[in-house]
Amino acid sequence: MDSQWQIYQVFEKERADLPHRNAGSVHASDAEMALENARDVFVRRPNCLSLWVVPERAIFSKTVEELQDNAWRTEMQNTSAEESYLVFQKQGQTARETFVVHVGDVAANSPQQALERALETFDDKNVFVWWIVPERAIIKNEASDAPSMFEPAHWKKYRNHLSYPVEPIMRELKSAQEMLEE
Amino acid sequence: MPNNSLANKILSVADDSFILGHRNSEWAGHAPILEEDIAFANIALDELGHAQLWYELYQELTGAEPDRVIFFRSAAEWRNTQLVELPKGDWAFSMTRQFLFDVYENVSLERLVHSTNPRVQEIATKIRTEEIYHLRHTSNWVKRLGLGTDESHARMQRALDELWTYALQLFVPLENERELIAENVVPDLGILRDAWQEKTVTHLSASGLQIPENIDSVPNLRAEHTEHLAELLQDLQQVARSEKFGVEW
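Quick note, the sequences are listed as chains A and B, same order.
Be aware that the first sequence starts at 822, since it is given in the working numbering, and climbs by one per residue.
Be aware that the second sequence starts at 7, since it is given in the working numbering, and climbs by one per residue.
Hints are not guaranteed to be accurate.
Said to hold, decoys possible - Once the Cα atoms are required to be at most 20 Å apart in a straight line, the calculated EDC-like pairs of lysine to aspartate or glutamate come out as:
no., chain 1, residue 1, chain 2, residue 2
1, B, K149, A, E853
2, A, K961, A, D926
3, B, K132, A, D966
Unchecked claim - Facing chain B, from chain A, some residues (calculated, C-beta under 8 Å):
no., residue
4, H848
5, S850
6, E853
7, M854
8, D861
9, M970
10, P973
Simulated from the structure, these hints should not be mistaken for lab results.
As the structure is a computational prediction, the values presented were derived from the model and not from experiment.
Quick reminder that beta carbons are idealized off the backbone N, C-alpha and C, glycines included.
Okay, chain B solo, but in the shape it has when bound:
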């Protein structure tokens, strides 16, 4: 059932944006300087906003209300990659993660704007201009930290070594994704991976960073998560799930 495959795909895209936006929001009030605190909070809000658009499409496809989907799913029901659920770490870690994700989003969105599905096309077009800016901003940070002091360089290299394998999970296809690719609803993840690899390697190398050579086993299933997702959800969902607050959802 192609509609079902599409719903699964949209949910995975929404979950990636949402969880990353939530993780980035943890920097609010803690970023290195005030200006960047605002800039990074803007990026976090943008990711949450993009997730909202995808969850709305998911609702159109399945009837599931975004609030239920976000606040009442257990960890095993989330379809985000492990990349986005990892704790925010230091500034180098969060910035490197956002950069790797931004390149992925850019290579994906520049194709999704030509999707044969009009709603996918519409949402991708709306999101794309903003993602171009995200990538510009994170690229600039990666370059400055990579080529900055010994300390900033070492932290960036450590972050990259840790994140690289996780990032590759973005290119593991979902079950039945072939059908969507055949109908030009979504791009082929193999093509995206090549485009992503070329862009990230070029920029990271120009930023004085070494691309990790030893690839550990890439997480395979989006239903499998680290223990960090459950902790994040505990924090995120506790008000919605608590009866004592008397909140109606």
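Excised from the complex, chain A in its bound form:
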């Protein structure tokens, strides 16, 4: 028996004009606790407007390399009814682009079909990874819970990594030490 808790991927929206993007993952016993763990682990930056969690096994994921092999297209099972899928892309390799971000939605009757449609619909230049997520698998915070989940981070600068300028301090210490040694 696997004694590990499930992994949930966490998506955070930091500004009204920005899409949800993947912040990382958490372990949790169930969806409700996953949302709380996501809040406690990831909502440190002052601005979080919305938080989603998705069981990792609900995500259909393909890298560009994997897409070159067309085998996934034949795995298609068109048995279920059409439903809404969210499309995510990782669009680059630099630190700023490293997040898997929400780019839009498609309707399809399987994750594979959703990916096919996403490949037709969305710009696929410079995409490194595609994630396809059925909308019904997404657990979202209730709007009424937003104040207690997100507002305290506003006045807790000590939780923000920007409050700890370790690098400049280390540089300063090092140069002071070098001056002493000279």
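The hints should help you fit chain B onto chain A, whose structure is shown.
Relative to the frame of chain A, chain B by itself:
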């Protein structure tokens, strides 16, 4: 002197938050899983942060500096309940304690935000959103452990049996507290106790736990402590009190 009664009340509120925050901080690096280690450390930090706000108000009322109050009082001078000073025990014990305390804080804060004292009102408003989240988080844990395995259920019941009487000390009024209630500075502890009882009993029962029926004698005076507080203070205060570190306070 109403100001004096208020200062005593604020000190007791600050001390409860501070000592509980310190106890919870002992879980840092030891919680059952990484995510909860962070979550529970956040709660511990929040309690210390809330204590800081109350100690600042205490300073406004009495002139006493928070650092002196925290690092240079002996056990008999602390005004926290025995509930919060008990050793952290197992995970079920710490979680049950935090839950019982969170319900108390929530029923208290939802009234303190209407306090006739503007500073009390201001601090309560700031703290309240965070406490709503604490209660949600600990309620979820209590439910999962209470309804979880035989082992988790047994540990939760044991924790509750031990903690219930201690928790009731939160509702023992201080000397002269009547004056503050009459002026609507703080809520009546009798009303808080009823609200607390209703909320805790409902949730604990839904979590498969039995409410203890035999109430032992509830600790009465906040100046009286178990031996655990002195041990905690020894740990907490040793650097501040040690001359060899040459720390200026």
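The hints, checked one at a time:
Restraint check for K149 (chain B) and E853 (chain A): satisfied, since their Cα atoms lie roughly 12 Å apart, inside the 20 Å limit. For a cut-off of 20 Å, the pair hint linking K961 (chain A) to D926 (chain A) stands: about 16 Å separates their Cα positions. With a C-alpha separation of about 16 Å, the suggested pairing of K132 (chain B) with D966 (chain A) holds against the 20 Å cut-off. With 8 Å as the threshold, the beta carbon of H848 (chain A) comes within range of chain B, its nearest partner Cβ sitting at about 6 Å, so the hint holds.
Given the 8 Å rule on beta carbons, the hint for S850 (chain A) holds: about 6 Å separates it from the nearest Cβ of chain B. Interface restraint check for E853 (chain A): the shortest CB-CB distance to chain B comes to about 6 Å, inside 8 Å, so the restraint holds. Taking 8 Å as the C-beta contact cut-off toward chain B, the hint placing M854 (chain A) at the interface holds, the least distance being around 6 Å. Taking 8 Å as the C-beta cut-off, the interface hint given for D861 (chain A) holds, the closest approach to chain B being about 4 Å.
Taking 8 Å as the C-beta cut-off, the interface hint given for M970 (chain A) holds, the closest approach to chain B being about 6 Å. The interface hint given for P973 (chain A) holds, since its Cβ lies 5 Å from the closest Cβ of chain B, which is under the 8 Å cut-off.
Checked against the numbered hints given earlier, the structure satisfies every one of them.
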